[in-house]
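Quick mapping for you: the protein sequence lines, in order, are chains A and B. The first sequence maps to residues 1 to 362 in the working numbering. The second sequence maps to residues 1 to 134 in the working numbering.
Fair warning: there could be bad hints in the mix.
Stated by the list, open to error - Pair ranges (Cβ atoms, derived):
#1 A:Ser185 with B:Lys82: 46 to 52 Å
#2 A:Leu103 with B:Leu95: 30 to 36 Å
#3 A:Thr79 with B:Lys99: 14 to 20 Å
#4 B:Lys79 with A:Asp149: 22 to 28 Å
#5 A:Phe271 with B:Lys79: 20 to 26 Å
To be verified - Capping the alpha-carbon separation at 20 Å, the derived lysine-lysine pairs in PhoX-like fashion look like this:
#6 A:Lys229 with A:Lys209
#7 B:Lys125 with A:Lys237
#8 B:Lys105 with A:Lys237
What the hints assert, rightly or not - To give a feel for the contact side, a few chain B residues facing chain A, derived at Cβ under 7 Å:
#9 Arg84
#10 Ser104
#11 Val111
#12 Leu113
#13 Val129
#14 Asp130
#15 Gly131
#16 Gln134
Calculated from the structure, these hints are not laboratory results. Here the structure is a predicted model, which means the values were calculated and not measured. We put the beta carbon where it would ideally sit given N, CA and C, even for glycine.
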Amino acid sequence: MSGMRHSLKTVCVLCACALLVCACTSGAGANKDNTSDTAVSGDDMTSYDDVGFAMGTVVNQTIYSTDKNIAAEIVDLLTTIEKQRISWREEDSEVAAINRNALAVRGGAPTEISQETKGYLQTALEIAADSNGAFDPTMGQLTQLWDFDGGSEVVPDASRISSLLADVGYAHVHVEGDSATLAESSSIDLGAMGKGIGCDEVESYFDAKGDVAGALVNIGGSSVLTYGKKSTDEPWKVAVLNPRDEVDYLGALTLKGTNHVSSSGDYERYFELDGKRYHHILDPATGYPVDNGLMSVTVVGRHGAQCDALSTACFVLGWEQSLELLARYDAEAIFVTTDKQVQVTDGLKDSFQLLADGYTVL
Amino acid sequence: MKNPVDDGRRDARNIVRKNDLVLFGGLLLVGIVLFAAVNFAKTGGAQVDVHYDGAVVASYPLDTDREVDLTYNGHNLLKIEKGRATVIDADCPELLCTKQRAISKEGESIVCLPHKLVITVSGGKPNDVDGVLQ
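So here's chain B without its partners, still in its complex pose:
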């Protein structure tokens, strides 16, 4: 003999689960695809940002080799080669910018304080490191 209560429960469970799980799964899939797309776009698009006096004044892709004359509050020669950026020449008094190591990872920076210049890497692979010992 059928138990109407049991039957009703099973019935409700089936209807709710089948359709809604499809919807749920579909939305989840869209989420995963979007997440992957956003992250993929980021790893591809690392760039070198030049900040003068606190504002971004120029950006260059990190994957294109070039030398750029930066003439904001003086002269700094920026070199981008093989995915790394360095300052190879400048006319500031102590040349501390030319002595800083090359940058290639998100959040790393080269600074020329006398020229109010900060060069950073943005985009690319996320970098969760708080500090680097050299």
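Next up, chain A with everything else stripped away, as it sits in the complex:
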């Protein structure tokens, strides 16, 4: 009898001690170090964080892999894509060459392009057509005129806007065989889908490497790739910023496996004049910043370039007109209006959690 009592007692005391230890360590262990290149040990896979610069912005990565070089390789990969293929600013890029050749002869001279750039242009033209030009990759000269990137705070001359707008039109871009031609004196600017293109290429790179179990790659806070899974079965959690407070989260998305997420907002680059906000998302129909009561659109889907271009197209189109476009690309979205109402497409309702005060989910 006393033996039984003794052993039960021991079990109880051990249980209590175990709970005590658990309580203390779970509290202290939550302190995560998050500097560049910090390794934290997971269950069966080591994860590490990296921060670098590419595509003119900050690239944050969390990678679950035994290969420590991957993060640096990704930064190099993104820089190469930017410099050799898509940036109109880089003299040696393929897009810059297409733009130069547009002016070389009347109707444009064809430029030889890589299969990759051909793919990017085809995606751009497809979404431009499907959105009736709400997304237009030939807005380059208008974007340069407004120059939000350069910090300009001047509304350009109306006649200048309308004269440049006359040459805008995705139908002026022809992609045939191994070449592309821009038939007007406008210019191609893939800025509205560049970071999404980057996320697609990172996904392909991880697939080819084969030793990446999971990763989260965040390019400039405007395009995010969630890839595979963490060492635990926990889903990825991606926050969306409150459009009117840069340190506050509007809400959080819980995503499983590989996904692409892109945002477009009126708060990234803008200036205010006479009480009016002029932001960097230009309506290809008017040449002026979109003014339709939206503050931000976030798109979730299977392909980065698509999500990135769709987030711009949807911002221009508004909720009603975007639904069919989103469905065509099997994408979901969150729309936030200036009167702080949040609309979420059906497929995301269970994965989106509102966090900010003052907003209502419709």
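Assemble the complex: chain A is given as a structure, and chain B must be docked to it using the hints.
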């Protein structure tokens, strides 16, 4: 008539349960109190850590407003105000550090790669978010 077996069982159960449950409950209570204390300490103590070349070289509490001149591999002006930290001036070529949004939550960072400088928030409320879209 008493059943000695039943009685013995009840007796054993009583003795084991009463004392041991008190001990068990007491230890559990101590655990809960410690857990709460550890977590409370964390939410109160958010700080801004400055990392230069991979090592923490300075820390400042997030709840005290100040401006700090960081001169490690160049100049960066760190501003802490109303629980948020930003870099408001620098002498790096592209000024990307000044264009990054303010940080206030555990694990968020501002980076100046040319100056090998990373500014992070540690402590404070635990942040379980893997990435932030802006």
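Outcome of the hint check:
1. A:Ser185 with B:Lys82: 46 to 52 Å: holds, 49 Å
2. A:Leu103 with B:Leu95: 30 to 36 Å: Holds - the Cβ-Cβ distance for Leu103 of chain A and Leu95 of chain B, about 32 Å, lies within 30 to 36 Å.
3. A:Thr79 with B:Lys99: 14 to 20 Å: At 18 Å between Cβs, range holds.
4. B:Lys79 with A:Asp149: 22 to 28 Å: holds, 24 Å
5. A:Phe271 with B:Lys79: 20 to 26 Å: Hint holds: Cβ distance 21 Å, inside 20 to 26 Å.
6. A:Lys229 with A:Lys209: Distance of about 16 Å is within 20 Å: holds.
7. B:Lys125 with A:Lys237: With Cα atoms ~16 Å apart, Lys125 of chain B and Lys237 of chain A stay inside 20 Å; holds.
8. B:Lys105 with A:Lys237: holds, 15 Å
9. Arg84: holds, 5 Å
10. Ser104: holds, 4 Å
11. Val111: Since chain A brings a Cβ to about 5 Å from Val111 of chain B, closer than 7 Å, the hint holds.
12. Leu113: holds, 5 Å
13. Val129: holds, 4 Å
14. Asp130: This hint holds: Asp130 of chain B lies near chain A, its Cβ roughly 5 Å from the closest one there, short of 7 Å.
15. Gly131: Cβ of Gly131 of chain B sits 4 Å from chain A, so the hint holds.
16. Gln134: holds, 4 Å
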